[in-house]
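Enquirer: Here's the letter readout for the chains.
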Amino acid sequence: MTDQTNVVVTGLGTTNPLGGDTAATWDGALAGRSGVRTLEQDWVSQYDLPVTFAGQLAVPAEEKLTRQEMRRMDPSAQFAMIAARQAWADAGEPEVDGERLGAVVASGIGGVTTLVNAWDTIKEKGVRRVLPLTVPMLMPNSPAAYVSIALGAKAGSHTPVSACASGAEAIGYGLEMIRTGRADVVVAGGTEAATHPLPIASFAKMQALSTRNDDPAGASRPYDVNRDGFVLGEGAAVVVLESEVHARARGARVYARVAGVGMTADAYDIAPPDPSGAGQERALRLALENAGVSTADLVHVNAHATSTPAGDGVEATAIRRALGAEADHVAVSATKSMTGHLLGGAGALESLLTVLAVHHRTAPPTINVTDPEPDLEIDLVRDTPRELPQGQIAAVNNAFGFGGHNVALVVASS
Amino acid sequence: MAHSEEDILAGLAEIVNEETGLETDAVQADKSFTDDLDIDSLSMMTIVTLAEEKFDVRIPDEEVKNLATVGDAVKYIVQAQS
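Those sequence lines, one after another, are chains U and D.
Residues 270 to 683 (the numbering used here) are what the first sequence spells out, left to right.
Residues -18 to 63 (the numbering used here) are what the second sequence spells out, left to right.
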């Protein structure tokens, strides 16, 4: 049964490789800029890492947080707090009973740098030097908990963990919290801070990462024939979801509606997607059904498209199968070409970009596609933004994760 | 090399400042960690851990509850050095 409670987006916040806030991020995306750079940390050469670049925050976290916040939070929580505060301010700091306010902030990996640094401390200095906040910092629910504490969100604080689908799943979870009557307002999003030799070495060993070390800005190239893997990114994005009744009653500015969500599992493999794309296709169909949106109204997809040789084609097939001939009028954007892949933050950042695309009726570009796959069955927005139609429109953000997690989130004009 | 009481007080004040943001001037010998400086138990354990490293002493976990004031901590560290 689909609950008909309308849920709208009234606030947006993000910090990511393209920008330290929503406006800078959207400007960067429309301009087709890359946030990917060569890493300058000593450990890159120290460990002779096979990949020497990533998308790091455009504006360092220490410029937005106090020294104490920096010390007490893992970077994953730091990024989430920055995004959540922006989103809350952007929403006009809604007056809401704390027991009707939820916080859902996902992470794919959690406090991995805290964990590894604490183990280094034990090895180098002994167990007495481990700091007592190590566990609260490394636990993956730490970002959600800090956001909940900061905003007094008592309706529930949740952390979906589904690898690179986590951020979109969090927004889907927030949608359900409002639809089922648990909350009137939910702050939802995702975060990741995995710029560390361990994740880089591990992803590289899977041959999942691009090794285009001599051209970082050109490395993330979804749907290009010469793509060779994803580019690690970091950051967070958070949206303020609100029941339409609550938002209208306080005269809030509404960006768009989060109209529905579809979630499926491949039940196929722990890493690559089911090559048939059946699970992804089903997620997209279920999302549209859940949203009550017909394929004729769908004008834009922000694709998961990570720039891996295997993954992008599967998604293109799934989109074509789910939409059929209607896919001809759907502008597909792969914004990871500019931001890199934020893992647990990706589905949140790309949902935020999908909300902005609907709000501004503009699909952001996909950069670096100099030589597109020859038999691509989708209409890829390349190089420059594309105007979307007037009238009632809908868009989808796809987010898929290792382990076969598929999430499709539908955003519609309000 | 043993640190003087003044050194230890100043060093503790720096640690408290890093951890809590309190001004170093507020960290005086007669101040209670909990009642005056509003330091919770996890922050206290962090301060103790950092103090052990800074002054190269051992402050057993079961001793921490006896360190009510900044002065208590200074005294403990002075004795632990010798």
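Please keep in mind that the hints were generated in silico from the structure rather than gathered at the bench.
Keep in mind that this is a model prediction, so the values were computed, not measured.
Positions of the beta carbon are idealized from the N, C-alpha and C atoms, including for glycine.
Hints may be right or wrong, so weigh each one.
Partial selection, computed: residues in chain U whose CB lies under 7 Å from chain D [said to hold, decoys possible]: (1) Leu400; (2) Pro401; (3) Thr403.
Computed Cβ-Cβ distance ranges for the label pairs, DEER-style [said to hold, decoys possible]: (4) U:Ser563 - D:Met26: 55 to 65 Å; (5) U:Gly395 - D:Asp11: 56 to 66 Å; (6) U:Arg522 - D:Asp42: 24 to 34 Å; (7) U:Asp497 - D:Thr5: 51 to 61 Å; (8) D:Leu23 - U:Pro643: 56 to 66 Å; (9) D:Ala(-17) - U:Arg397: 41 to 51 Å; (10) U:Lys392 - D:Glu(-5): 23 to 33 Å; (11) U:Glu331 - D:Asp42: 49 to 59 Å.
Okay, the calculated bits of chain D under chain U, using three or more residues with CB under 8 Å as the criterion [stated by the list, open to error]: (12) -14 to -6; (13) 15 to 29.
Enquirer: If you check the beta carbons of D:Leu23 and U:Pro643, does the distance land in 56 to 66 Å?
Expert: holds, 59 Å
Enquirer: Starting from the hint 24 to 34 Å, judge whether the C-beta atoms of U:Arg522 and D:Asp42 obey it.
Expert: Given a distance of about 52 Å, which is not inside 24 to 34 Å, the answer is violated.
Enquirer: Once the shortest beta carbon distance from U:Leu400 to chain D is found, is it less than 7 Å?
Expert: holds, 5 Å
Enquirer: Is 49 to 59 Å a correct range for the gap between the Cβ atoms of U:Glu331 and D:Asp42?
Expert: violated, 32 Å
Enquirer: With a Cβ-Cβ cutoff of 8 Å, does the region -14 to -6 of chain D contain at least three residues near chain U?
Expert: With 0 residues close enough to chain U, the hint is violated.
Enquirer: Does the Cβ distance between U:Lys392 and D:Glu(-5) fall inside 23 to 33 Å?
Expert: Cβ of U:Lys392 to Cβ of D:Glu(-5): about 26 Å, so the range 23 to 33 Å holds.
Enquirer: Taking 8 Å as the C-beta cutoff, is the stated coverage of the region 15 to 29 of chain D by chain U satisfied by three or more residues?
Expert: Check passed, 3 qualifying residues.
Enquirer: Just to be sure I understand the hint, the distance between the Cβ atoms of D:Ala(-17) and U:Arg397 should be within 41 to 51 Å; is that true here?
Expert: The hint (41 to 51 Å, Cβ to Cβ) is violated, given that D:Ala(-17) and U:Arg397 are roughly 20 Å apart.
Enquirer: Note whether the CB distance of U:Gly395 and D:Asp11 lies within 56 to 66 Å or breaks it.
Expert: Once the Cβ atoms are compared, 33 Å apart, the range 56 to 66 Å for D:Asp11 and U:Gly395 is violated.
Enquirer: With 7 Å as the cut and Cβ atoms as the points, is U:Pro401 at the interface with chain D?
Expert: Hint holds; U:Pro401 Cβ to chain D Cβ min 4 Å, cut 7 Å.
Enquirer: Between U:Ser563 and D:Met26, does the C-beta distance stay in 55 to 65 Å?
Expert: holds, 58 Å
Enquirer: Cβ-Cβ distance between U:Asp497 and D:Thr5: within 51 to 61 Å?
Expert: holds, 52 Å
Hint compliance for this structure: hints 3, 5, 6, 9, 11 and 12 are not met, and every other hint is.
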